[in-house]
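Chains E and S are the protein sequences, given in the same order.
Residue numbers for the first sequence follow the numbering used here, beginning at 66 and rising by one.
Residue numbers for the second sequence follow the numbering used here, beginning at 66 and rising by one.
Careful: at least some of the hints might be erroneous.
In silico contact screen, one side only, chain E against chain S (beta carbon under 7 Å); selected entries [claimed, not checked]:
no., residue
1, SER146
2, GLY176
3, GLY236
4, GLU326
5, GLY329
The set of hints was computed from the structure by calculation and includes no laboratory data.
Note that the Cβ used here is the ideal one computed from N, Cα and C, for glycine as well.
Here's the letter readout for the chains.
2 protein chains.
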Amino acid sequence: MRRSLLATFAVLILLFVSDVRSQEVTKTVAERLGYPRDAKLLIVHADDLGMAHSVNAATIKAFESGLVNSASIMVPCPWLSEIAAYARANPQADLGLHLTLTSEWTSFRWGPVMPSDKVKSLLDKDGFFRLTESEAAAQADPKEVELEITAQIERAKALGIQPTHLDSHMGTLYQNKALFEVFLRVARINKLPVRVAKTWFARADFLPSILKADDVYIDRVLDINPSVAPGDWAKFYSDAIKKLEPGVTEIVIHLAYDDAEMRGATVNHPDWGAAWRQRDFDFFTSDEFRKLLQENQIKLITWRELAKLIK
Amino acid sequence: MRRSLLATFAVLILLFVSDVRSQEVTKTVAERLGYPRDAKLLIVHADDLGMAHSVNAATIKAFESGLVNSASIMVPCPWLSEIAAYARANPQADLGLHLTLTSEWTSFRWGPVMPSDKVKSLLDKDGFFRLTESEAAAQADPKEVELEITAQIERAKALGIQPTHLDSHMGTLYQNKALFEVFLRVARINKLPVRVAKTWFARADFLPSILKADDVYIDRVLDINPSVAPGDWAKFYSDAIKKLEPGVTEIVIHLAYDDAEMRGATVNHPDWGAAWRQRDFDFFTSDEFRKLLQENQIKLITWRELAKLIK
């Protein structure tokens with residue numbers, strides 16, 4: 066009798082746990098955050114902090130508008146200290162790390178945080194990170210990648226940055242399964258969410274195979290691309306915002322001023338260049354963007370909220 | 066008979082050689098260069114190339130005036146590649162290396178060319194070079210200094226820079242005898258002249274004890290200092306040029322534009338800051354400076370000429 070009673074209890078408990086788990090799994094990220102399933106949630110995220118003074122200054126200015134509310138920092142870059150001082154003075158700011166394994170400009174370069182002879186597979190013949198994400202991914206030893214991205218996180222923390230999330234400069238860490246496994250392992254060790262969108266699963270089928278049910282990932286990432294003419298910048302973004310689907314979307318933007326430093330850094334490279342970044346700054350700090358958010362019932366959220374979902 | 070004849074010859078040869086040697090030793094650097102003893106020879110030298118785009122752009126512009134005719138490059142700094150491209154395209158330019166063991170700005174930092182774990186004595190707790198030359202010199206292991214400055218020379222050469230001379234950022238390598246010995250050993254190995262002035266012997270008595278008769282050093286170095294009010298800039302330099310003594314003088318200047326990048330880099334530090342460097346640029350590219358050179362019969366020379374004296 067007692068045995069059969071215990072067995073019945075055990076079955077009931079198992080059914081209950083399984084039901085909770087399946088509910089948990091089928092809940093959208095919006096719901097897990099406490100919003101209705103049809104809420105339109107948006108992170109407006111500026112990449113490349115620390116790269117240049119112009120990037121830091123424009124992004125800090127955009128934060129003040131309240132319309133850009135998240136960004137990530139390139140630890141190996143020369144202006145890290147300036148943005149670390151901002152992070153220490155503004156601990157509420159939603160700042161992540163833009164883990165960096167490429168050095169893509171030709172006039173102005175950077176290299177690893179690790180001792181260079183410990184991460185040789187990441188470096189070009191001149192001792193800098195490689196120019197492109199495909200070259201970087203093809204040559205990178207995943208063990209050295211793990212050492213380097215761990216060192217970047219440690220240096221950021223040592224400078225008083227408490228990152229709320231991780232992403233990958235130029236997407237190098239999404240280029241193949243081995244690199245993404247390293248990225249996710251380091252993120253889990255640090256209990257930090259990673260920029261991953263469900264819409265990427267179709268083009269990178271290793272993503273769902275590595276992700277676990279309780280990893281936090283968003284619904285989609287939007288970004289502009291070189292096919293958009295400069296005159297169509299505001300229209301591209303306006304259309305995207307008007308058509309925004311429910312769920313969590315991250316708009317990834319690149320802010321800087323179109324000044325001498327940025328022109329020098331991005332010389333001969335209009336894509337993601339100085340004028341490009343000024344156009345992003347102008348749109349995302351505009352009243353037009355503020356009105357679009359209101360008119361389309363879009364709520365801004367940050368990676369800090371998403372990070373709380375990580376157990 | 067034959068023996069005494071040989072002995073006589075030997076004595077005559079010795080006397081002749083000794084006379085040539087003493088003439089050689091007592092010749093001034095100006096005379097060794099083929100100029101009269103009373104010639105006023107001047108190198109107008111801009112420091113800190115590679116530090117920032119603003120520094121590179123202003124120095125290249127000043128070179129075009131013909132009035133600034135020499136400069137040196139900081140290999141560990143982010144804008145090295147931009148100035149290396151200039152050096153490759155302008156092989157006649159008088160470009161040396163400004164060997165760097167300090168990272169003196171707080172918003173914007175740099176570290177070693179060597180793997181960081183091989184030169185730990187050169188680094189602060191954040192992994193960058195130290196802020197001041199005195200701190201750097203007090204902590205530096207001379208063996209690690211030798212590794213690092215050799216690596217800086219090798220990286221410059223690998224990028225196609227053929228340095229004409231060496232000097233030391235913030236004078237770190239002149240701070241004590243051990244560091245200067247390393248500096249001079251590396252310079253001799255590379256057959257490059259080093260910025261040393263006879264007028265420094267009084268305040269650093271280890272200098273003459275290490276220098277050899279055939280080392281090339283100049284008569285004096287002039288530079289402005291923070292005691293000069295911004296409004297007195299042109300007067301300070303004009304007076305110095307009018308009073309210029311015969312021999313080889315190097316005026317050491319710091320060029321950049323007073324723009325957002327330089328203001329960001331030198332924030333809260335007016336000495337050698339953005340406006341300082343703009344003042345230097347304005348004076349040394351001016352017609353006033355050109356006239357002063359003419360009126361005072363001053364001839365511009367470069368380190369390239371001095372380097373030819375090294376056997």
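Inset, instruction - Go through the numbered hints given earlier and state which of them the structure violates, listing their numbers in rising order. - result: Result: hints 2 and 3 break, sorted rising.
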